[in-house]
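Given chain A's structure and the hints, the job is docking chains B, C, D, E and F onto it.
Chain residues, written in single-letter form:
6 protein chains.
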Amino acid sequence: MSFLAALTPLLALERLPRTGWLVAGVAAPESVAAHSLGTALVVLALGPRVRPALDLDRAVSLAVVHDTPEALLTDLPRAAAELLPPGAKAEAEERAAERLLTPLSPEARARFAEFRAQETREARFVRLCDQLHLGVRWIGYRREGARGLGEFRAGLAALDCAEFPPCAELLAEVLAAAHALDGGLDGEREVRAR
Amino acid sequence: MSFLAALTPLLALERLPRTGWLVAGVAAPESVAAHSLGTALVVLALGPRVRPALDLDRAVSLAVVHDTPEALLTDLPRAAAELLPPGAKAEAEERAAERLLTPLSPEARARFAEFRAQETREARFVRLCDQLHLGVRWIGYRREGARGLGEFRAGLAALDCAEFPPCAELLAEVLAAAHALDGGLDGEREVRAR
Amino acid sequence: MSFLAALTPLLALERLPRTGWLVAGVAAPESVAAHSLGTALVVLALGPRVRPALDLDRAVSLAVVHDTPEALLTDLPRAAAELLPPGAKAEAEERAAERLLTPLSPEARARFAEFRAQETREARFVRLCDQLHLGVRWIGYRREGARGLGEFRAGLAALDCAEFPPCAELLAEVLAAAHALDGGLDGEREVRAR
Amino acid sequence: MSFLAALTPLLALERLPRTGWLVAGVAAPESVAAHSLGTALVVLALGPRVRPALDLDRAVSLAVVHDTPEALLTDLPRAAAELLPPGAKAEAEERAAERLLTPLSPEARARFAEFRAQETREARFVRLCDQLHLGVRWIGYRREGARGLGEFRAGLAALDCAEFPPCAELLAEVLAAAHALDGGLDGEREVRAR
Amino acid sequence: MSFLAALTPLLALERLPRTGWLVAGVAAPESVAAHSLGTALVVLALGPRVRPALDLDRAVSLAVVHDTPEALLTDLPRAAAELLPPGAKAEAEERAAERLLTPLSPEARARFAEFRAQETREARFVRLCDQLHLGVRWIGYRREGARGLGEFRAGLAALDCAEFPPCAELLAEVLAAAHALDGGLDGEREVRAR
Amino acid sequence: MSFLAALTPLLALERLPRTGWLVAGVAAPESVAAHSLGTALVVLALGPRVRPALDLDRAVSLAVVHDTPEALLTDLPRAAAELLPPGAKAEAEERAAERLLTPLSPEARARFAEFRAQETREARFVRLCDQLHLGVRWIGYRREGARGLGEFRAGLAALDCAEFPPCAELLAEVLAAAHALDGGLDGEREVRAR
Numbered sequence: 600m601s602f603l604a605a606l607t608p609l610l611a612l613e614r615l616p617r618t619g620w621l622v623a624g625v626a627a628p629e630s631v632a633a634h635s636l637g638t639a640l641v642v643l644a645l646g647p648r649v650r651p652a653l654d655l656d657r658a659v660s661l662a663v664v665h666d667t668p669e670a671l672l673t674d675l676p677r678a679a680a681e682l683l684p685p686g687a688k689a690e691a692e693e694r695a696a697e698r699l700l701t702p703l704s705p706e707a708r709a710r711f712a713e714f715r716a717q718e719t720r721e722a723r724f725v726r727l728c729d730q731l732h733l734g735v736r737w738i739g740y741r742r743e744g745a746r747g748l749g750e751f752r753a754g755l756a757a758l759d760c761a762e763f764p765p766c767a768e769l770l771a772e773v774l775a776a777a778h779a780l781d782g783g784l785d786g787e788r789e790v791r792a793r
Numbered sequence: 600m601s602f603l604a605a606l607t608p609l610l611a612l613e614r615l616p617r618t619g620w621l622v623a624g625v626a627a628p629e630s631v632a633a634h635s636l637g638t639a640l641v642v643l644a645l646g647p648r649v650r651p652a653l654d655l656d657r658a659v660s661l662a663v664v665h666d667t668p669e670a671l672l673t674d675l676p677r678a679a680a681e682l683l684p685p686g687a688k689a690e691a692e693e694r695a696a697e698r699l700l701t702p703l704s705p706e707a708r709a710r711f712a713e714f715r716a717q718e719t720r721e722a723r724f725v726r727l728c729d730q731l732h733l734g735v736r737w738i739g740y741r742r743e744g745a746r747g748l749g750e751f752r753a754g755l756a757a758l759d760c761a762e763f764p765p766c767a768e769l770l771a772e773v774l775a776a777a778h779a780l781d782g783g784l785d786g787e788r789e790v791r792a793r
Numbered sequence: 600m601s602f603l604a605a606l607t608p609l610l611a612l613e614r615l616p617r618t619g620w621l622v623a624g625v626a627a628p629e630s631v632a633a634h635s636l637g638t639a640l641v642v643l644a645l646g647p648r649v650r651p652a653l654d655l656d657r658a659v660s661l662a663v664v665h666d667t668p669e670a671l672l673t674d675l676p677r678a679a680a681e682l683l684p685p686g687a688k689a690e691a692e693e694r695a696a697e698r699l700l701t702p703l704s705p706e707a708r709a710r711f712a713e714f715r716a717q718e719t720r721e722a723r724f725v726r727l728c729d730q731l732h733l734g735v736r737w738i739g740y741r742r743e744g745a746r747g748l749g750e751f752r753a754g755l756a757a758l759d760c761a762e763f764p765p766c767a768e769l770l771a772e773v774l775a776a777a778h779a780l781d782g783g784l785d786g787e788r789e790v791r792a793r
Numbered sequence: 600m601s602f603l604a605a606l607t608p609l610l611a612l613e614r615l616p617r618t619g620w621l622v623a624g625v626a627a628p629e630s631v632a633a634h635s636l637g638t639a640l641v642v643l644a645l646g647p648r649v650r651p652a653l654d655l656d657r658a659v660s661l662a663v664v665h666d667t668p669e670a671l672l673t674d675l676p677r678a679a680a681e682l683l684p685p686g687a688k689a690e691a692e693e694r695a696a697e698r699l700l701t702p703l704s705p706e707a708r709a710r711f712a713e714f715r716a717q718e719t720r721e722a723r724f725v726r727l728c729d730q731l732h733l734g735v736r737w738i739g740y741r742r743e744g745a746r747g748l749g750e751f752r753a754g755l756a757a758l759d760c761a762e763f764p765p766c767a768e769l770l771a772e773v774l775a776a777a778h779a780l781d782g783g784l785d786g787e788r789e790v791r792a793r
Numbered sequence: 600m601s602f603l604a605a606l607t608p609l610l611a612l613e614r615l616p617r618t619g620w621l622v623a624g625v626a627a628p629e630s631v632a633a634h635s636l637g638t639a640l641v642v643l644a645l646g647p648r649v650r651p652a653l654d655l656d657r658a659v660s661l662a663v664v665h666d667t668p669e670a671l672l673t674d675l676p677r678a679a680a681e682l683l684p685p686g687a688k689a690e691a692e693e694r695a696a697e698r699l700l701t702p703l704s705p706e707a708r709a710r711f712a713e714f715r716a717q718e719t720r721e722a723r724f725v726r727l728c729d730q731l732h733l734g735v736r737w738i739g740y741r742r743e744g745a746r747g748l749g750e751f752r753a754g755l756a757a758l759d760c761a762e763f764p765p766c767a768e769l770l771a772e773v774l775a776a777a778h779a780l781d782g783g784l785d786g787e788r789e790v791r792a793r
Numbered sequence: 600m601s602f603l604a605a606l607t608p609l610l611a612l613e614r615l616p617r618t619g620w621l622v623a624g625v626a627a628p629e630s631v632a633a634h635s636l637g638t639a640l641v642v643l644a645l646g647p648r649v650r651p652a653l654d655l656d657r658a659v660s661l662a663v664v665h666d667t668p669e670a671l672l673t674d675l676p677r678a679a680a681e682l683l684p685p686g687a688k689a690e691a692e693e694r695a696a697e698r699l700l701t702p703l704s705p706e707a708r709a710r711f712a713e714f715r716a717q718e719t720r721e722a723r724f725v726r727l728c729d730q731l732h733l734g735v736r737w738i739g740y741r742r743e744g745a746r747g748l749g750e751f752r753a754g755l756a757a758l759d760c761a762e763f764p765p766c767a768e769l770l771a772e773v774l775a776a777a778h779a780l781d782g783g784l785d786g787e788r789e790v791r792a793r
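In the order they appear, the protein sequences are chains A, B, C, D, E and F. The opening residue of the first sequence carries number 600 in our numbering; numbering runs sequentially from there. The opening residue of the second sequence carries number 600 in our numbering; numbering runs sequentially from there. The opening residue of the third sequence carries number 600 in our numbering; numbering runs sequentially from there. The opening residue of the fourth sequence carries number 600 in our numbering; numbering runs sequentially from there. The opening residue of the fifth sequence carries number 600 in our numbering; numbering runs sequentially from there. The opening residue of the sixth sequence carries number 600 in our numbering; numbering runs sequentially from there.
In isolation and in its complexed conformation, chain A is listed as follows:
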């Protein structure tokens, strides 16, 4: 298969919205591609502070590929995945990754497999960064004026960041910012208070 034929299906990531936000009432949420890039940036922010040192660039690559199966599967929000039989979503992602990434390169396929297996520290770190990008985005949408996003709090508060203290640090910042917003400090006054 040509490079062009391998890359074209992945363009769908640039159009597909993160549907969890859409269902929750954010009218124009970021695309899956934008979320993946955001996850990679969280990796670059937190990764250098992790001890012992991670392979930072490999973690970035894991972030870049971690949602590529959604180019075929679309973004199933958590509530949707929970309605499927156990393991069904993971199995479908595996098939989609095979179809999308094998033509891209064995290395891309391997990065996704490493992420899925969750056996390396880099893979577990990236999964947390994926959730933490959602946390940063949550604060972002709330500061912009979005309301009614309370359902995302529980998932964030339940994250287990014990293995990676910098993740715990960002999570604490996110929850503190949410608390400030809850307390009636809307984005406007918050900005003035800085």
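Just so you know, these hints were derived from the structure itself, not from any lab. Watch out, some of these pointers could steer you wrong.
As the list claims (entries may be wrong) - Sample of chain A residues facing chain E (criterion: CB under 10 angstroms; computed from the structure):
| hint | residue |
| --- | --- |
| 1 | 625 |
| 2 | 626 |
| 3 | 628 |
| 4 | 740 |
| 5 | 742 |
| 6 | 744 |
| 7 | 745 |
Unchecked claim - Residues of chain C placed beyond 10 angstroms of chain A at every Cβ, according to the derived structure:
| hint | residue |
| --- | --- |
| 8 | 600 |
| 9 | 694 |
| 10 | 697 |
Here the structure is a predicted model, which means the values were calculated and not measured. Even glycine gets a Cβ: it sits at the ideal position worked out from N, Cα and C.
This is chains B, C, D, E and F only, laid out in the frame that chain A set:
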């Protein structure tokens, strides 16, 4: 549960895009709600011509509810559904319908169950109308200038409309219009030729 | 006229925004098609509770067609309609319905005529459900963070639901939810309080 | 009334789409405000070439206000206006202008009145420029790939530009560009041929 | 160059968003074209109250052309412009105006030159109206529910309106409206309080 | 500075459109974030085929950060950058990177510096992949129906891929696909011919 609490989750249908078009490159496709309404209008167009007579209004109700589970599940395009284990999507829809429609009314729940069972003529007719709305939309997007939608042809051409001759009639019109567009008759010149 | 030629003009309903929201500052409101579907879902929620029993499915059909003239006329918000000579909007809708629905089917045309005449209980019920969908949407947009929508309250509060107690019930829920939002309970905290 | 209270309702012009394009299948058409600005730019392009000389800046002001009533009325496409009783749209625009422009300034109100009366050369020129912006936009959307816009040709071809030769010149360019596009010269190849 | 070739590049103004809002979190801000029209409307609101009298219509023309270079340059928010070498943005605008407006008409080019030079009272007045439209828009977005826009306050509060008292008046109204919004009076309750 | 405060400004990348497409008439182009992710995917496709072997994951990191300054600067299309004084854009990007990436992590800052310096093979490879993503996107938009994008061809055809043969291969595929589209093979028929 209050009426308001039962109706609110269904508002997501008005925001969720029909993702199959999005993946295929239509930048701003219709919402799931708009597609459901469109299906109901196809029912109103073809239904009165079906012999023996259908219960037209009940068929309209089936069309109205047929995609309501997507308020929780989002719209999984066919290629995505095929990556899931067999029956997984139907099972998830069943659970989503239970959660969304039971609080709405037993009648709404019953309409969805009738649609799923595909045992009444009305239910089978509505499933065809669902596909035929996709066909009308396909012609619509192509006449507006969208290209690269060839993959939808096979699914349409394979529809078995034998039970409902008016469905076969609309399908033939759709395929003829597609053929005209293939032949270089773009929407512009077609309009002039009318 | 072919089925396809009759259905194509109605695709505009999927694109036309509900302009009242747009004027009031909701950047991406639902389409006319989505509103019509939403009205049909309100019918399915409240209709089974009405006594004596309504013809529920016929009421759903009335909801499906009730705004189809807007495919030609576009959605004139109330303030716009009031600037037209008395009766002008209704007359134009009548002409648009003639042009759009007669080619669809006599049954579709008859459903619209029944809705317009407001003589059957089903027709009067659907008109209330049309307004109540606006009420549900109003709460929905406000919970998402939209502000400045106070003008919609008066119209809702003035609805006469005496003929249909379930409509009065949903209206009361809508006004109570609005009151909670007024009191500084934004969507965020409301969710936490559930 | 404060300046702010007079200006705020006009912000709706920035959100309201030009619905004629929307109905014809352009998914994201320009706003009414953008069209008004575009009309003013057509005035600035053609006006200096009109003989005897026009009051160019006053013509620009007429263009700026000519569609302001749509902040209340929304943009009724031609097909919609023709379904209203004769004169109904003009009457409604008059009322909307009274409500919107009188609080702005007597001068703004006077500019609109001059445009409506169509008695000065500037007013007649601006009405043509309004139509010609639609013509330029038509070519623009078609070059971008939009199809199915044939219905706009007749209205343009019927424009009477006799009083203003530069308008006739631009109209001829628009129709020639449309003809080139009809002939299979899509925007792509046209660009290469330049 | 033909009129059509001169007008076509300016269509980009209708699509380009005002990026300052986008960066600040307004998901669907007005286009550059809509902002220019809005500036012209502020001119029409305040201009007639300025003493000694301005050439109102010429000021409107200045407003219409003042951002046309952005059709080539795009809208650089203030923070971006400050990262460029001093004078770089103005120089680039000059070049863009030469390329875009000279083919339009010498008059259009002259209006832009007058605006840039900031030597006439009309030019200085329009620059203030440009900023004041941003102020009106700021209140508009905040009343609609946008939050996190506190950064715009400082720029507005620092405007020197001494030369044009009506500008000072509108600015005071904008700041008072912002203050009311800060005080927890969201758009909803504000509307009720009127 | 907190992690959250460092990450928040980068959310703008998810909203900012790639303005070059917007100016050229693509109504809803990808965001800067989506483009950066797309560049990283091109790196993962081509990188493994480069000889001698590149540090693939470091190249992915360079791709992830290469456009981050645009969170402050916005996306200046090539035509805009050429109107600025020589070096002005690069200088501004340097300042923006300093402000945005230094708070993120020294590693993120270093990756950007490496990309800018264009001294390593990875940096030069990523610059080509950046252009090649534009090429893939160009084919994507054209296959979807966009027209009038001929101006992008010259920039692509002029790319010097001599150092990296896989880049030359993808470029050849892109230009061949463009040629096929020029020849009247629109996306529709192409799909059928596969």
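Do the hints match the structure? See the list:
no.	hint	in the structure
1	625	holds (8 angstroms)
2	626	holds (7 angstroms)
3	628	holds (9 angstroms)
4	740	holds (8 angstroms)
5	742	holds (4 angstroms)
6	744	holds (4 angstroms)
7	745	holds (8 angstroms)
8	600	holds (35 angstroms)
9	694	holds (34 angstroms)
10	697	holds (36 angstroms)
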